[in-house]
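So the protein lines, in turn, are chains A and B.
Under the numbering used here, think of the first position of the first sequence as 1, with each following residue one higher.
Under the numbering used here, think of the first position of the second sequence as 407, with each following residue one higher.
Just to be clear, a hint being listed does not mean it is correct.
[What the hints assert, rightly or not] For each label pair, taking beta carbons as the anchor points, the in silico distance ranges come out as:
{"id": "1", "chain 1": "B", "residue 1": "Asp517", "chain 2": "A", "residue 2": "Asn380", "range": "38 to 48 Å"}
{"id": "2", "chain 1": "A", "residue 1": "Glu352", "chain 2": "B", "residue 2": "Arg554", "range": "16 to 26 Å"}
{"id": "3", "chain 1": "B", "residue 1": "Ser553", "chain 2": "A", "residue 2": "Arg174", "range": "10 to 20 Å"}
{"id": "4", "chain 1": "A", "residue 1": "Ser335", "chain 2": "B", "residue 2": "His530", "range": "46 to 56 Å"}
{"id": "5", "chain 1": "A", "residue 1": "Asn107", "chain 2": "B", "residue 2": "Ala615", "range": "22 to 32 Å"}
[As the list claims (entries may be wrong)] Which bits of chain A does chain B cover? Going by a derived footprint, with three or more residues having C-beta under 8 Å, they are:
{"id": "6", "stretch": "132 to 142"}
{"id": "7", "stretch": "161 to 169"}
{"id": "8", "stretch": "207 to 213"}
{"id": "9", "stretch": "308 to 317"}
[To be verified] Not the full set, but computed from the structure, chain B residues with beta-carbon under 10 Å of chain A:
{"id": "10", "residue": "Asn549"}
{"id": "11", "residue": "Asp552"}
{"id": "12", "residue": "Ala571"}
{"id": "13", "residue": "Asp645"}
Keep in mind the hints are simulated off the structure, nothing from the lab.
Fair warning: this is a prediction, and the values are worked out from it, not measured in the lab.
Ideal placement from N, C-alpha and C gives every residue a C-beta, glycine not left out.
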Amino acid sequence: MSQATMPNQAPAASAPPPGLLRLGVALSGLTMLAGLATFALSLEHAGSTGGKATKAGTVVNVTASGCEPAQLEVPAGRRTFTVVNQSNRAVEWEIIDGVMVLAERENIAPGLRQPLTVDLAAGTYAITCGLLSNPHGELKVVASDNGAPPTPLSKTAFIGPLAEYRVYTTLELRKLQAGAKALAAAIDSGDLERAKAAYDAARRADMHLAMPIGLFSDLDQRLNARAEDFARRDQDPDFAGFHRLAIGLFDHGSTVDLAPIADQLVTDAAALKTRLDATAVPASQLADGTARVLGAWSDRQRGATVLTTQDLADLKALTEGAHKVVTLLSPLLASQSPETLTSLQSSLATLEQRLPSSAGAAEPPGDSPPAGAAPAVLLNPSVLLKETQALADSLADVNAALTQQG
Amino acid sequence: MTTYRQCIAAGALSLLTLGATAQAAVAPESLVGPIADYKLYVLDNLDQFVSHTKAFTQAVEAGDLQEAQALYAPTRIYYERIEPIAELFADLDASIDAREDDYENGVDDPDFTGFHRLEYGLFHEQTTDGLKPFAERLMSDVNDLDSRVQDLTFPPSSVVGGAAALMEEVAATKVSGEEDRYSRTDLWDFQANVDGAKEIFELFKPLAAQEDQAFVSRVEQNFAAVDSTLADYRLDADDPQSGFESYDEVSDSDRRALTGPVTVLAEDLSTLRGLLGLD
Numbered sequence: 001m002s003q004a005t006m007p008n009q010a011p012a013a014s015a016p017p018p019g020l021l022r023l024g025v026a027l028s029g030l031t032m033l034a035g036l037a038t039f040a041l042s043l044e045h046a047g048s049t050g051g052k053a054t055k056a057g058t059v060v061n062v063t064a065s066g067c068e069p070a071q072l073e074v075p076a077g078r079r080t081f082t083v084v085n086q087s088n089r090a091v092e093w094e095i096i097d098g099v100m101v102l103a104e105r106e107n108i109a110p111g112l113r114q115p116l117t118v119d120l121a122a123g124t125y126a127i128t129c130g131l132l133s134n135p136h137g138e139l140k141v142v143a144s145d146n147g148a149p150p151t152p153l154s155k156t157a158f159i160g161p162l163a164e165y166r167v168y169t170t171l172e173l174r175k176l177q178a179g180a181k182a183l184a185a186a187i188d189s190g191d192l193e194r195a196k197a198a199y200d201a202a203r204r205a206d207m208h209l210a211m212p213i214g215l216f217s218d219l220d221q222r223l224n225a226r227a228e229d230f231a232r233r234d235q236d237p238d239f240a241g242f243h244r245l246a247i248g249l250f251d252h253g254s255t256v257d258l259a260p261i262a263d264q265l266v267t268d269a270a271a272l273k274t275r276l277d278a279t280a281v282p283a284s285q286l287a288d289g290t291a292r293v294l295g296a297w298s299d300r301q302r303g304a305t306v307l308t309t310q311d312l313a314d315l316k317a318l319t320e321g322a323h324k325v326v327t328l329l330s331p332l333l334a335s336q337s338p339e340t341l342t343s344l345q346s347s348l349a350t351l352e353q354r355l356p357s358s359a360g361a362a363e364p365p366g367d368s369p370p371a372g373a374a375p376a377v378l379l380n381p382s383v384l385l386k387e388t389q390a391l392a393d394s395l396a397d398v399n400a401a402l403t404q405q406g
Numbered sequence: 407m408t409t410y411r412q413c414i415a416a417g418a419l420s421l422l423t424l425g426a427t428a429q430a431a432v433a434p435e436s437l438v439g440p441i442a443d444y445k446l447y448v449l450d451n452l453d454q455f456v457s458h459t460k461a462f463t464q465a466v467e468a469g470d471l472q473e474a475q476a477l478y479a480p481t482r483i484y485y486e487r488i489e490p491i492a493e494l495f496a497d498l499d500a501s502i503d504a505r506e507d508d509y510e511n512g513v514d515d516p517d518f519t520g521f522h523r524l525e526y527g528l529f530h531e532q533t534t535d536g537l538k539p540f541a542e543r544l545m546s547d548v549n550d551l552d553s554r555v556q557d558l559t560f561p562p563s564s565v566v567g568g569a570a571a572l573m574e575e576v577a578a579t580k581v582s583g584e585e586d587r588y589s590r591t592d593l594w595d596f597q598a599n600v601d602g603a604k605e606i607f608e609l610f611k612p613l614a615a616q617e618d619q620a621f622v623s624r625v626e627q628n629f630a631a632v633d634s635t636l637a638d639y640r641l642d643a644d645d646p647q648s649g650f651e652s653y654d655e656v657s658d659s660d661r662r663a664l665t666g667p668v669t670v671l672a673e674d675l676s677t678l679r680g681l682l683g684l685d
């Protein structure tokens, strides 16, 4: 993927190459039709190997003082438990993973039995046994067959991560809109320091949203295009958005002439909200889209001899956005490809440790700036760029690891 | 090469989310929006829960018995609305909302904390004496819950199944009047559980209606029946903030009138997960 940039219409920092995106969509459609039958079959198969919900499975008696037996062991997979209440009060029975309730059966009346069917991964769980003051029992789930390939992801596996990502984008968008409004107000009143602070807050949210914004190349250009993307560079009448504001606020130290640009930012942030409300981020974009924005940032800075405070803050926020995505994909990777998860988490941790913990607080490694230089400007950023690209590469491997089926 | 592999992977991933149309009318990706909206609802309620708990526990710590009694029920409703998510955290659910019958030694059990321990002090003992540690613990547990829920990826089946779980809870502990036995503010919790279940139902209603319009109509009728019986016991029909009469005032015939629709709602809503392809 070479950097074939056209001076007039170069994509902004986080824009995906539109051709690739279209190709991906078209291929997805084709692959979907071709793979549908196979996929349905593999789901059938996964279903029939599980336990049957109709049989009693493992019987657990809950007495006035605890569970009998208090230690259970079952193979991993879909398992049924039959809970028999032998105490004289209604009980609930729960399987607990750490502090989280994994499955529960509520309000089992004295003398009655109730079944509970649950999908269990290998590990050790606690079970509740009536009164909260009764000791917990233990449920050991052993891997059924060590050599077996992982069960393919269920068709519902991405609902939770995608919903959580939608919550994240909604909350970040609120911060972007609030920050843009605060910025416009500060510029209106000519308050440079307040404007800089509002810029930082709005820009951080904008970078957290780099992946979904990258799905809309027009809005991405209006918000994130750089001077070098325009024919007349920073004198170009079309040059607006965050980078135009940063030049005014941070390079020129002035709010003069920035009011219309800030107002446009408020309008564009509102347009982004309308667009995102109506758009579902595809599952494949979580990893691929995040890889793309990190790769684009790294490409953009390649050969740079210094990184400014704003560059470092941008990378830090991009990494925070990547962290969210890694968190969402981790449970899926843990079951499908633990080694991919390990390498992904390690490249994320490496980059996070390299970044300053807060602007100006810790100097990242690299050559320290000479005495008297502006603080937090990083000289010789090649290590940081390499580690950013490494995280992008790890993310680019994720989708293949999630869809390999044995 | 990498690009080609990524496209294949993207295709397989869209299968995971789109391909299911061949098997069920409700496509998995159509659940993403409602589940996200539900988390936003839960986060809004948690914000309220944290600030109301702050006022409530401050009243207890300040020794203001009347104020603490008045704030007990209006604080709890935010927890009762979001219980399908809140009770996923077993340790906090026990320390925030367990009742004395959950412990071998009842009210004297040292592990008995949270709202119902405070309820016992405020309404049975009629004093704030000795309640300060319970108030402090409640506040820190609620803050802990807030930060854990913010980080939580909501399990889709807990969200969709939450509507039935709330109505089962109403059937099990609210109609009997055992939840708030000292304060007799059960109807506040009752309404909050119903509101929490209705929120989930409303979010998934358009999808459920595609599958089974009769189911949707039946659930709507039963919610309306429960709401209208509850409305008879509002202190001020035009002001939801004013709350409810004591549960002692609820007539036997109204208790029976509530049992019917509540039980049917619990049963009907328990089919929602299967209807939406989440079983």
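- Hints the structure fails to honour: 1, 8, 9, 10, 11 and 13
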